[in-house]
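Mind docking chain Y on chain S? Use the hints.
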Amino acid sequence: MTTSSTAVDRAAGSAASGQRSTRSRRSSSTSTIDSKRQWWGWIFTAPFTVVFVLFLIVPLAYAFWMSLHNKGLATGGESVFVGVDNYVRAFTDPVFLEGLLRVAKFVAVMVPIQIGLALLCALVLDTLATRLSKASRLLIFVPYAVPAVIGALMWGFLYSPRFGPAQDIFGLFGLTAPDFLSSSMIFTSLVNIVTWQWVGYYMIIIYAALRTIDPSVYEAARIDGAGGAQIALRIKVPMVSSSMVMVVIFSLIGTLQFFTEPTVLRSVAQGAIPPDYTPNMYAYSLAFSYSQFNYASTIAFALGIFVFIGSYIFLYLTRKQSGLK
Amino acid sequence: MTTDLETSKAPQRRTRRAGSSSKHSRRIGSHAFLLIMALYFVIPLWFLIVGSTKSNSGLFVGSGGALWFNDNFNLVENVRGLFEHQGGIYWIWLRNSFIYAFAGGVGATVLAIFAGYGLAKYRFRGRGAYFTVLLGSVMVPLTALTIPTFVLLSDIGLINTMWAVILPSLLSPIGVYLIRVYSQDAIPDEMLDAGRVDGAGELRLFFRVSLPLLRPAMVTVLLLTTVFSWNNFFLPLAVLRDTDLLPVTVGLNQWQALSNAGAGGEQVWNLIVTGALVSIIPLIAAFLGLQKYWQGGLSLGSIK
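Residue numbers (our numbering), protein chains in the order written: chain S, 48 to 372; chain Y, 3 to 306.
If we strip away everything but chain Y, and leave its shape as in the complex, we get:
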């Protein structure tokens, strides 16, 4: 772009040369900056990868130091340890996390699609007020709801069940907001009206015409809500007592607290590191695999 523009101005050739060399050095500077940033963001994950190949004592004293492999490669034993420690409860935690993330993510997305579409495409009475309340609720800190939710759920006997984690995760005001903003532009009213003239019902219009057009926003909202449920810590910590129901986040935190408390047999640092690594692989893989969907989608809310 720059070069095209500047070559057209012949008299400025000298300044162009000076300009391009300074531009060159700036590009090196930019790349160096990015490299440093990338290292900062990746080194902790590298530590996990390296750490997962070490034995419990190898994490403290190893030939490789904290950021390189030891001579003794212990990954297989560590994974086996995850199957054996406390009867393989780690995999139950991981399964629970999957259930919570899947149910919460899919459920919240479905609700958000219906609601966002309804808000965008129908001028029903009270719509303005509804939308204002919705926008306000984005600013309500969800953690402020955790304690009253706990009391309410224990009143109806849902505490310490999977529902106690799943049901509150269905709430995603930001998801509704994103779908609403996206529907506004992505689904032309004329298209819906044309369908109506042809005698299509509202539900049919929604499933046949609108839903396919909403796909990019759908993937984005699905990723956001899934990540939210997957990351949730405060809610399961508060509403679950059974070890068998915990998601992997709360479970690993328990192992870590036990290991720090000191009792020799309960120190399972190698399993914590390996478990942490295994638990983050699925989501990272999903993000890398679905790149082209979410990269544009994340800016949805700001485009008007």
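The shape of chain S in the complex, shown without the other chains:
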């Protein structure tokens, strides 16, 4: 995306300056004005740059600095440089590794389910223009407007054997409802909450991309004898692949940072979710329950590296589909 669009810039820029260049050869004053004008770019970006530096670069650098130091009773309250000790500790810490493995499992299960469902809904909606399809498009999207905390609280109620409808619904079929909040079911229950929360948002992104395709492409395909399913798989999906890549990245980054839903469900699901269920929860409890800010920063930074590398690898593998070359 970067290269292709800067190439467009350059092309547009040279086209625009093309008319000017004949004149500017005579007097160099025009180009000075031009280069002076480009400083406005820095002026326009300045406010954001300040926030970017203060709340992204500085915290990131500080987290890295903290991860290379230790501070505590043993060091007399002073920060002492310890090199990569904290990282060695993190990558031999079974709690961190377990959490990392767990979010990796969540990625493996949750991302395909969410994207698959979102794509399916978008493709079905794309073929219909009825009132029902418009209404269901909105209804599927509504959970996006519900904060993750509220969504998790709500599902906590629905899962609860005391409040929830599960017993009644399963009873209709003569079955007993499983305990959704037990340690054996909690993984599935969490997958369901996140799916409920995000499918609509991803669907809208994919759907909006589908709407930008010129319908004459389908007509051409139909003349060649392609059926609906073939058109969907061979034409529509490839044509929206850059949105798909974007959506997968969102979902990947979000899942690796998993924090809100398990934290909220923790008080309902007594014992099924330990305080260090995900790396982020582990970092939070290290920092705010045990005041181990240095080690917590190490965990957060290590997780950040994983997210960054993970999404980078994904973008590299899909560079053809996304147009990021």
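A couple of the hints might just be wrong.
[Unchecked claim] Coverage of chain Y stretches by chain S, computed from C-beta distances (three or more under 8 Å per stretch; other residues unrestricted):
| id | stretch |
| --- | --- |
| 1 | 54 to 60 |
| 2 | 73 to 82 |
| 3 | 171 to 185 |
| 4 | 212 to 224 |
[Stated by the list, open to error] Within a straight-line C-alpha distance of at most 20 Å, the following computed SDA-like cross-link-like pairs (lysine to any residue) qualify:
| id | chain 1 | residue 1 | chain 2 | residue 2 |
| --- | --- | --- | --- | --- |
| 5 | S | Lys367 | S | Ile282 |
| 6 | S | Lys152 | S | Lys83 |
| 7 | S | Lys181 | Y | Tyr132 |
| 8 | S | Lys83 | Y | Gly128 |
| 9 | S | Lys83 | Y | Gln293 |
| 10 | S | Lys83 | Y | Arg125 |
| 11 | S | Lys83 | S | Ala93 |
Treat the hints as calculated values from the structure; they're not laboratory data.
The C-beta atom is built at its ideal place from N, Cα and C for all residues, glycine as well.
Coordinates of chain Y only, in the frame set by chain S:
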């Protein structure tokens, strides 16, 4: 579309009839699928609506079951309860959420518009590198920043203030990215050059020419950043200690944790359900009301 195309081919009439009947059944199938999906996405919200009309004990044992109303309609009492419980702190939480979402959303959008426009329309030195760093930062997990941000903010004494939530929410690299992509196509360079020939300054060009053209992208970014601040949980959980400063998300979670911990007087399930319902109404209303703006806008990032 299909019918036009196929009627023009008379010899295929028989296959057309077969085709259209299978098409008919497929449409029923599609609609059934959508109906099931819509139910899945709406039932939890329906539970909230029904639950908000029940008393605390009515949530456990009621004539209606979990998904239907009880005989005893308790909504008014529940709303009154929100005003009374802990001195009506619920409304302070809701107000706080509004402040955080509004300040964070508007602030982040304004910064994103300036920056995105600057990146799209000026070829300043270092622009390429700036954009690369920006794209990379979209992939930085924001939660990795929460703990160092907490330490930094407590060093300068901003912890446990509203600023501790608002200032970090001003950061929206994805917003800058979207505005930049949109400006590229929506604002023709020729238009800006024409304005310059007429002697307009750069700021005037921005406010008079560019800003009106950016409106669709603006609404989308505003919605995205507002939702982000409104949903934020990790950051306020970490940086706020005062109950009076909490947003409604963190506050309701506290009530829920207290209710689960068991003490009889602190079990306020009915208030949690009612509070949850009240808190999601404004955003849902905003989304439904602004449909035509965001529906196309959400795909901005992927259109090149």
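Against the structure, the hints come out as follows:
1. 54 to 60: violated (count 0)
2. 73 to 82: violated (count 0)
3. 171 to 185: holds (count 5)
4. 212 to 224: Our answer is that it is violated, as 0 residues pass the Cβ test (under 8 Å) against chain S, missing three.
5. S/Lys367 x S/Ile282: Measuring from Cα to Cα gives roughly 16 Å; hence the hint holds.
6. S/Lys152 x S/Lys83: Given pair S/Lys152, S/Lys83 is violated - Cα atoms ~53 Å apart, limit 20 Å.
7. S/Lys181 x Y/Tyr132: 41 Å, violated
8. S/Lys83 x Y/Gly128: It holds: about 14 Å lies between the C-alpha atoms, which stays within 20 Å.
9. S/Lys83 x Y/Gln293: Not satisfied, since the Cα-Cα distance of roughly 41 Å exceeds 20 Å.
10. S/Lys83 x Y/Arg125: With a Cα-Cα distance of about 11 Å, the restraint between S/Lys83 and Y/Arg125 holds, given a limit of 20 Å.
11. S/Lys83 x S/Ala93: 16 Å, holds
Comparing the model with each numbered hint stated earlier shows that hints 1, 2, 4, 6, 7 and 9 do not hold.
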